[in-house]
Amino acid sequence: MPIASLHSWPPHKHSFFVTRPSKFNPGNYSRSRNSFGRTRILRDNLSIKCGRMVGVCAFDDRKQLGEFGGVQDGGELYLGMDFGTSGARYAVIDERKRVRAEGKMEYPQLMNGNAVDWASSWRTTLFSLLEDVPASLRPFISSISIDGTSATTMIIDSKTGEPLHKPFIYNESCPDALPLVKSIAPANHTVCSGSSTLCKLVHWWNLNESNKESAILLHQADWLLWLLHGKLGVSDYNNALKVGYDPEVDSYPKWLASQPYAYMLPSVQAPGSSVGSIKQDVGVQFGFPKYCIVCTGTTDSIAAFLAANATQPGKAVTSLGSTLAVKLLSTIRVEDARYGVYSHRLDDKWLVGGASNTGGAVLRQLFTDEKLNELSEKINHTESSPLDYYPLPAVGERFPAADPNMEPRLHPRPECDADYLHGILESIARIEAKAYWLLKDLGATEVDEVFTAGGGAKNEKWIKIRERVLGLPVSRAIQTEAAFGAALLALKGAQPKSSLPLNT
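Just so you know, UniProt numbering puts 129 at position 129 of the sequence shown, and the rest follows in order with no gaps.
Hints should not be assumed to be uniformly reliable.
[Unchecked claim] List time: in silico DSS-like cross-link candidates among lysine-lysine, alpha-carbon distance up to 27 Å: (1) K182 x K166; (2) K159 x K371; (3) K97 x K290.
No wet-lab data here; the hints were simulated from the structure.
Please model the entire structure based on the sequences and the hints provided.
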């Protein structure tokens with residue numbers, strides 16, 4: 001099953017967080033506990049409330065449980081977990097890609113001295129999520145996959161699997177290593193950024209004399225998956241991109257393989273590839289079947305893209321969160337470190353991405369959510385705003401203009417707040433248009449449709465403004481949770497080898 005063909009749905013017309021079997025047995029749920037709390041059962045819905053972990057289930061008609069299928073008719077289920085910047089989520093789907101259960105939790109702040117012990121926090125969260133999966137569903141889960149934040153890097157003891165150094169978080173920069181990395185890598189390569197995985201590896205290598213012989217490099221998702229399958233040293237080509245892996249030729253380039261730390265690099269497989277069966281002790285502890293397999297993962301942004309169902313070249317996803325991030329499915333690989341543009345492989349296609357500093361963070365500096373909703377209703381989206389802004393939360397832009405000294409431009413401000421908001425929303429839309437034009441100029445497939453994710457996707461007027469400015473169909477993505485995308489990878493990994501292509 002190709003990655004991009006992982007969607008052949010629309011989703012079921014009803015939304016489900018946790019789906020009960022047709023013969024609902026409260027005992028299955030009342031026994032589900034973890035260290036953060038317990039499951040509670042309500043008359044008309046099921047609410048899982050585990051401290052900071054919450055999942056909710058609601059049914060429009062209990063008779064529809066029987067038609068939903070799955071557990072009671074012997075269907076298999078697939079578990080995906082998303083480890084994001086501030087917390088983690090899980091999603092359980094069935095063979096028809098319908099959500100059977102969902103849950104989320106914030107990372108516990110486990111401390112090691114004055115610093116957060118991120119490795120322990122992630123490990124605790126992983127097993128808390130597994131325990132939160134309804135006990136009645138676990139015996140039917142046939143595969144598991146996990147996504148993690150891109151460039152979150154771990155130096156691991158190859159003998160024990162335990163960290164030799166605190167994790168390097170996704171946005172942590174190691175500028176001291178950048179000159180050396182630039183001296184060995186091709187110009188404008190993805191690794192030529194202080195926050196790249198390779199810069200973090202070189203930084204660690206130069207500062208540490210001990211433990212080098214037993215050290216290996218893993219990404220956040222790799223290590224969490226190891227806790228489930230027990231085979232150290234396995235990664236995927238999405239996570240490995242920022243350490244220098246070349247997914248086009250499926251190998252590490254010679255300029256990297258010749259370095260003294262090259263032995264630390266993990267072996268690489270396609271996302272959603274079966275690594276092995278779940279460890280016996282984990283399977284027994286949580287009630288997963290012996291045949292349950294654990295698959296390679298991906299990054300959180302790739303998982304979110306997979307969830308959005310943008311399956312053909314020319315389809316794109318714009319994420320309107322604190323920043324504006326664009327991802328475009330292309331037949332051509334495009335990379336340019338000057339703009340932070342790089343391409344992830346999705347089977348025989350490429351996911352080209354870039355991110356601007358404009359976005360929702362600017363709006364939050366100026367308006368409350370209530371005011372945004374109120375003013376948006378007053379905007380005539382069919383009319384073009386004459387205001388020409390470049391909304392930034394602070395000095396500096398990276399994409400589509402690489403200018404670290406660019407000043408925010410939010411003046412002149414009209415007397416009418418609705419006109420002001422109109423100008424800001426339209427200016428952000430123009431930046432989005434320039435982003436897609438730049439990707440085309442760099443050689444990517446031309447965009448022909450845009451799906452929208454993030455908080456900005458809720459603003460219908462903004463969608464209409466963007467549709468006019470882009471001159472393209474723009475819509476809200478039906479599903480954007482990265483955990484759902486990870487579950488799709490788990491489903492892919494459970495399929496026979498002959499049906500693995502991800503794009504159709």
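How the hints compare with the structure:
1. For a cut-off of 27 Å, the pair hint linking K182 to K166 stands: about 25 Å separates their Cα positions.
2. For the hint pairing K159 with K371, the CA-to-CA distance comes to about 56 Å; that exceeds 27 Å, so the pair is violated.
3. Using a Cα cut-off of 27 Å, the hinted pair K97 and K290 holds, with the two alpha carbons roughly 23 Å apart.
Hint compliance for this structure: hint 2 alone is broken.
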